[in-house]
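S.K.: The residues making up each chain are set out below.
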Amino acid sequence: MTIKGKVWKFADHINTDDIISARYLNTTDPAELASHCMETIVPDFVKKISKGDIIVAGENFGCGSSREHAPISIKNCGISAVIAKSFARIFLRNAINIGLPIIEITYAEQFSQGDFLEIDLENGLIINHTNGHRYDFIKYPDFLQQIIKSGGLISWVKEKYTK
Amino acid sequence: MTITEKILALHSGKKEVFPGEFIEADVDLILANDITGPLAIEEFESTGIGKVFNPEKIVLVPDHFTPCKDIKSAEMVKILRNFARKYGVIFYEIGKLGIEHALLPEEGFTLPGDLIIGADSHTCTYGAVGAFSTGVGSTDVAAAMITGKVWLKVPPTIRFVYNGRLNNYVGGKDLILYTIGKIGVDGARYKTMEFSGTVIESLACDDRFTICNMAIEAGAKNGIIIPDKITEEFVSLLQRKRESVFLRNDSDARYEGIIEINVDVIQPQVAVPHLPGNSKDVRDVSGIRIDQVVIGSCTNGRITDLRNAAKIARGKKVHPEVRTIIIPATQRVYQQAVKEGLIGIFIEAGCVISPPTCGPCLGGHMGVLGSGEVAIATTNRNFIGRMGHPSSEVYLANPEVAMASAIKGKISHPDEVVK
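Line by line, the protein sequences give chains B and U.
So for the first sequence, the UniProt record's numbering puts the first residue at 1; every next one is plus one.
So for the second sequence, the UniProt record's numbering puts the first residue at 1; every next one is plus one.
If we strip away everything but chain U, and leave its shape as in the complex, we get:
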């Protein structure tokens, strides 16, 4: 079996599972946010059952429209807050709050061997530590809050093997954008994307989170990386909520396909509007004028991302016609960035710092685009109108490219800024 099949088998009381098989699996963690949570709670309350299966395994993270942007979103967060008080489930309040997919790994909620569902499509992020983790809908969450279980169809696995040497300014974001460009935005629909090879084995967890986070942009059910020494080190520093189980593939594990990628040929990538699969070398699109830069999100708002952006910004100013918004993904990331002097570098450069929020990534608040405006962002989607007006445009890139573009006022390779 593959690691994904092993986790599913362990959680459904079976010796073995097969791709295509329907199972009901026990969940270790259920997650919902301020958009998807209220719907789940309405559904939950409609049953009249009035009891959650285990309050310690349910986490509500109101990260999308917070700090609340208007009365309606304040009411949505109130629904979560009141539900948490009533049933004792875990709720993150402003001041402790962070973007869910950066916050929960930090808080020790997502561990190797876990089975995690979340009413947010980027729940697939936690595969980076060797968990099976997938996005579901609000009704799924409502049902799982009652039963502690979820119905799943066992996915076939495509194994991606990355070998070679990474070029300058190429990291997790570029690997995943390149990969989605290669297989398309439905290239792994219903399937597992397993990321492996010497390049992945030497990547730090922050880059691994970025890669697994965007598996959904290729339609995948989950992204996963076999946990190793680097995972072990990451996990050992956490206040773990459970015991972790380090699983690996059997030597006779079945794959639907194996795709080998030589990273020597990968340059920093930019996904042009309006699909994350429209990835190109940054030099092929350099010179496109931009109005806004966003560095943050569940994809690239971690400390490594801020360090990478700060390296480019140090001692420089962002272009006077570009609004540059930096969003540390969690309070811990924010604090660390303050300690390391990164926030000072950004402010000196003329950037604005936002509290942790999903905010502009989905055109929610804290940096919505007007008609015809263009942004380059370290976020995960560049759909029509994603960040604001239907005629605005979003280009996706890594933090170094985003910051270099902020400084030049147009899409730029970091080499154009750092000599």
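Just chain B, same shape as in the assembly:
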């Protein structure tokens, strides 16, 4: 699967309240959750982005609460992937479980706001079309690959437990 989009840069420790404020958590509707993505720290973020754009952040992206509404809001507002130096663990689980592509690389700071990236998830390759640089990333361990290949945790469980 290939992803293409423009970079939106974020700092370290972007927490789940930044991604989607708790005052919007009285619903599970993906479209409504999407409409408030990142608004606390980037007003009108959802209006500013184009479909396919990519979030690039620093350390510990998604720290804070366990709300799966956070990756759901990112996935459904049009963001195609999140690249970060590191992810908070519950956010990482949630992203894998719902099929939001996330990539952990230590050199995330090398991408700048507005860079146009192409990500090849199968081959672990990122191309920065703005400056022509190419980067490799380490793919997930086999166990997580299986979940991702099944299309998320629920599909994986269905495959395993309904036979």
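Hints in this document: simulated from the structure, not taken from any laboratory.
A virtual CB, placed ideally from N, CA and C, is assigned to each residue, including glycine.
Some hints here could point you the wrong way.
So these bits of chain U aren't anywhere near chain B, every CB distance computed over 12 Å [to be verified]:
{"no.": "1", "residue": "G20"}
{"no.": "2", "residue": "I23"}
{"no.": "3", "residue": "T147"}
{"no.": "4", "residue": "D228"}
{"no.": "5", "residue": "P355"}
{"no.": "6", "residue": "E416"}
Derived lysine-lysine pairs resembling PhoX-like cross-links, with alpha carbons at most 20 Å apart [claimed, not checked]:
{"no.": "7", "chain 1": "B", "residue 1": "K47", "chain 2": "B", "residue 2": "K85"}
{"no.": "8", "chain 1": "U", "residue 1": "K153", "chain 2": "B", "residue 2": "K149"}
{"no.": "9", "chain 1": "B", "residue 1": "K9", "chain 2": "B", "residue 2": "K48"}
{"no.": "10", "chain 1": "U", "residue 1": "K339", "chain 2": "U", "residue 2": "K96"}
{"no.": "11", "chain 1": "U", "residue 1": "K317", "chain 2": "U", "residue 2": "K419"}
{"no.": "12", "chain 1": "U", "residue 1": "K316", "chain 2": "U", "residue 2": "K419"}
{"no.": "13", "chain 1": "U", "residue 1": "K51", "chain 2": "B", "residue 2": "K160"}
{"no.": "14", "chain 1": "B", "residue 1": "K139", "chain 2": "U", "residue 2": "K153"}
{"no.": "15", "chain 1": "U", "residue 1": "K51", "chain 2": "B", "residue 2": "K158"}
{"no.": "16", "chain 1": "U", "residue 1": "K311", "chain 2": "U", "residue 2": "K280"}
{"no.": "17", "chain 1": "U", "residue 1": "K408", "chain 2": "U", "residue 2": "K317"}
{"no.": "18", "chain 1": "B", "residue 1": "K51", "chain 2": "B", "residue 2": "K6"}
Following the hints, position chain U against chain B.
M.R.: Just chain U now, kept in the frame of chain B:
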């Protein structure tokens, strides 16, 4: 092995597990709330499997927006209620309801040796009684409701050893805020924080819950304390849902690091906006004017916390420009506080008492902040806009500091109030 590795090995049918290894482990308890539960239920129903693995091991606690703050949250709680009726899982209704991480230990659901997952990041609280307990997402809960299992990567353990003598007004909250300040909000990311040393060994369970509760604020997978005599006494008073297993570390257990902390140097801590790791001595921030005080939450809403706050409030009035909200975490805590006369002290002092709810901690209801307003709270997060408007600010502290600040109208050391 460490206690964490032993619990994971026991629950995955292995003799031994190693940090970094992926396992599928049996769960003893699955928990979800009114925010995370509806998503889990949608996912569960989408499979069409129509059967939970064991209804007695699934608990739904609608504590975040309850008593329901609006129509949407009422609909969310209805989803939980209807699911509980359909599948026979455990559901807590208003009147019995409390904040999940205070309620479930009281109800005997979280016991030494257990493996517990919950769709709430503060599920790590139950490590205080020697359980492996960690926060997961809604989809994890949906899958576990079907299979009774969860996938986990075995975490490495960092051991924190607290020695020395606690200063006045220093308790579990100060120890954990100080520790997060030292290692940072991702200082234990993916890892186990094991809390030990003579100071921890002499702490009561309520303080231990506070410490393990905030392990997540350092990014940890779980916080844990080796169960001991104090745990045994706590557990012996409960209506236990299972047999408990008291585990300890082997003498050759592997740690990724050992961090020794001398508590002699720790004064009451305040974490300034906008990260729980921004902790400072209260005297370094005293004098900051406040609009609101919240004493409660899964971190500090237990009876010990209310007793500590009441000691400061007794015979005093809160500052006329400060709204002071007291939230007993559970009905049992509330009742005990009534019996001991604590509620009377708070009302005399000009505080308002809220029914048990997470409410203001996450800016949900029962005390949301307006633009530019400042609160000091015994809660666990001070992120941007956490308690309301994006320009409002939250300072985190223990109950004594919060109450002293309520009385003075500005952040204050309890010594400034109690002479």
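S.K.: Each of the hints needs a verdict: does it hold here or not?
M.R.: To see whether the hints hold, each was checked on the structure:
1. G20: Violated, because the least Cβ-Cβ distance between G20/U and chain B comes to about 9 Å, which does not exceed 12 Å.
2. I23: It is violated; I23/U is separated from chain B by about 9 Å at its closest Cβ, not greater than 12 Å.
3. T147: violated (6 Å)
4. D228: holds (28 Å)
5. P355: Its Cβ never comes within 12 Å of chain B, the nearest being 18 Å, so this holds.
6. E416: Since the minimum Cβ distance to chain B is about 32 Å, E416/U lies beyond 12 Å and the statement holds.
7. K47/B / K85/B: The given pair, whose Cα atoms are some 26 Å apart, is violated under the 20 Å limit.
8. K153/U / K149/B: holds (19 Å)
9. K9/B / K48/B: Roughly 13 Å separates the two Cα atoms, so the pair holds.
10. K339/U / K96/U: Distance ~18 Å between K339/U and K96/U Cα, so the pair holds.
11. K317/U / K419/U: Cα-Cα ~15 Å, so holds.
12. K316/U / K419/U: holds (12 Å)
13. K51/U / K160/B: It holds: about 15 Å lies between the C-alpha atoms, which stays within 20 Å.
14. K139/B / K153/U: Holds, because 16 Å separates the two Cα atoms, which is no more than 20 Å.
15. K51/U / K158/B: Holds, at about 13 Å.
16. K311/U / K280/U: violated (23 Å)
17. K408/U / K317/U: Between K408/U and K317/U the Cα gap is close to 9 Å, so the pair holds against 20 Å.
18. K51/B / K6/B: Judged against 20 Å, a Cα distance of about 9 Å means the pair holds.
Violated hints for the displayed structure, listed by number in ascending order: 1, 2, 3, 7, 16.
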